[in-house]
Amino acid sequence: MTTALAALLITHVIAGVVAIGIHNVVLMHLLKKAPNYIFISRIAWSAVALFLLSWATSTYYYVTYYGTAVKPRILAGDAPFAHAFFMETKEHIFLLLPFVALSIALCVSYLRAHPEDDRLRKSTAFLTLIALGIGVATAVSGMFVSGSI
Amino acid sequence: MAVYDLLVLMHIIGTVLGVGAATFAEIFYTRFNSDNIITDDERSTLAVTYTIMRTGLFLLVVSGFGFLLYFRLTEYMDIFSSPSFWAKMTVVAVLAGNALLLQARLMPFLIGTAVSLTSWYAALTLGVLGKTSASYFEILAYYAVAVVIVALALRWIRARLHGTAQAKI
Numbered sequence: 001m002t003t004a005l006a007a008l009l010i011t012h013v014i015a016g017v018v019a020i021g022i023h024n025v026v027l028m029h030l031l032k033k034a035p036n037y038i039f040i041s042r043i044a045w046s047a048v049a050l051f052l053l054s055w056a057t058s059t060y061y062y063v064t065y066y067g068t069a070v071k072p073r074i075l076a077g078d079a080p081f082a083h084a085f086f087m088e089t090k091e092h093i094f095l096l097l098p099f100v101a102l103s104i105a106l107c108v109s110y111l112r113a114h115p116e117d118d119r120l121r122k123s124t125a126f127l128t129l130i131a132l133g134i135g136v137a138t139a140v141s142g143m144f145v146s147g148s149i
Numbered sequence: 001m002a003v004y005d006l007l008v009l010m011h012i013i014g015t016v017l018g019v020g021a022a023t024f025a026e027i028f029y030t031r032f033n034s035d036n037i038i039t040d041d042e043r044s045t046l047a048v049t050y051t052i053m054r055t056g057l058f059l060l061v062v063s064g065f066g067f068l069l070y071f072r073l074t075e076y077m078d079i080f081s082s083p084s085f086w087a088k089m090t091v092v093a094v095l096a097g098n099a100l101l102l103q104a105r106l107m108p109f110l111i112g113t114a115v116s117l118t119s120w121y122a123a124l125t126l127g128v129l130g131k132t133s134a135s136y137f138e139i140l141a142y143y144a145v146a147v148v149i150v151a152l153a154l155r156w157i158r159a160r161l162h163g164t165a166q167a168k169i
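Those protein sequence lines, which keep their order, are chains S and H.
So the first sequence is residues 1 to 149, counted in our numbering.
So the second sequence is residues 1 to 169, counted in our numbering.
FYI, nobody ran anything at the bench for these hints, they're computed from the structure.
Taking beta-carbon pairs under 8 Å as the criterion, some of the chain H residues facing chain S (in silico):
#  : residue
1  : 61
2  : 62
3  : 65
4  : 69
5  : 72
6  : 73
7  : 80
8  : 100
9  : 103
10 : 104
Across the chosen pairs, the derived CB separations fall in these ranges:
#  : chain 1 : residue 1 : chain 2 : residue 2 : range
11 : H       : 35        : S       : 42        : 35 to 41 Å
12 : H       : 153       : S       : 64        : 51 to 57 Å
13 : H       : 149       : S       : 103       : 39 to 45 Å
14 : S       : 38        : H       : 44        : 16 to 22 Å
15 : H       : 27        : S       : 80        : 46 to 52 Å
16 : H       : 133       : S       : 46        : 39 to 45 Å
17 : H       : 23        : S       : 39        : 25 to 31 Å
18 : S       : 126       : H       : 36        : 32 to 38 Å
19 : H       : 77        : S       : 114       : 47 to 53 Å
20 : H       : 133       : S       : 109       : 50 to 56 Å
21 : S       : 63        : H       : 16        : 38 to 44 Å
22 : H       : 44        : S       : 114       : 24 to 30 Å
Covered stretches of chain S, going by a simulated chain H footprint (3 or more residues, C-beta under 8 Å):
#  : stretch
23 : 11-17
24 : 26-37
25 : 142-148
Positions of the beta carbon are idealized from the N, C-alpha and C atoms, including for glycine.
Using the sequences and the accompanying hints, generate a full structural model.
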């Protein structure tokens, strides 16, 4: 693997993990009765940027390296399901995540101007919980894939 | 300093902050609540302690994924077949989930604090022990027993300080 590809892989993982962590913080704040929407909207938009960065770097890594150098090794190894199930699921579910993150950021920005909308706060908290679940599942899938080479 | 040393340092700092903050959160809460009233000053002290605990969790998770990346890039794959590694991952996931449930008031406080305290010490112990002969499910069984023991101990301590009714909270 070249240094550039290693840097892309590192960016993909760290940006993704930090973005998942940010959604955790967003959810914790949305569960409060009077959240600080200025703070939440800032970090929610940071999560969108980080997910897009993670998405872009992983796409380049996947297209130029994973398919030719990593996937054949996994399929020939002891755990071919790591690609057949976990990577296939991860790469499709992960497509949703930046858009779910974008929806959360938009909702929180609206709540910043309309903090009295408690139903939207609860709905956004639920959506953030879903995003967190998808994010954690994606991260764990990545660990399975990495561990199966 | 090599990347690996930096990750070790970050991981240790995260664990120290988390274990220390979890311990002091419990001590402070028990002391502050001895008169059954949490004042604003006491509340802000607890808030700082919880912030330190979350900072520790953040450092622990980021450095943990840093280790995974390091092992992936150096092709050292033994870690992924280690039961204590997966047990530690489970414990950290429980920590994060428990924090969310406590925040949402869906977790009884006594059980939540016991899970938090035990999980931090379990993560520390698993990190120090490294490879063990115990299987994944054996480690989780020990962990579950430890949670019950810590919950009973905390209940006993609070009952001595506040009376039985308060200890049930």
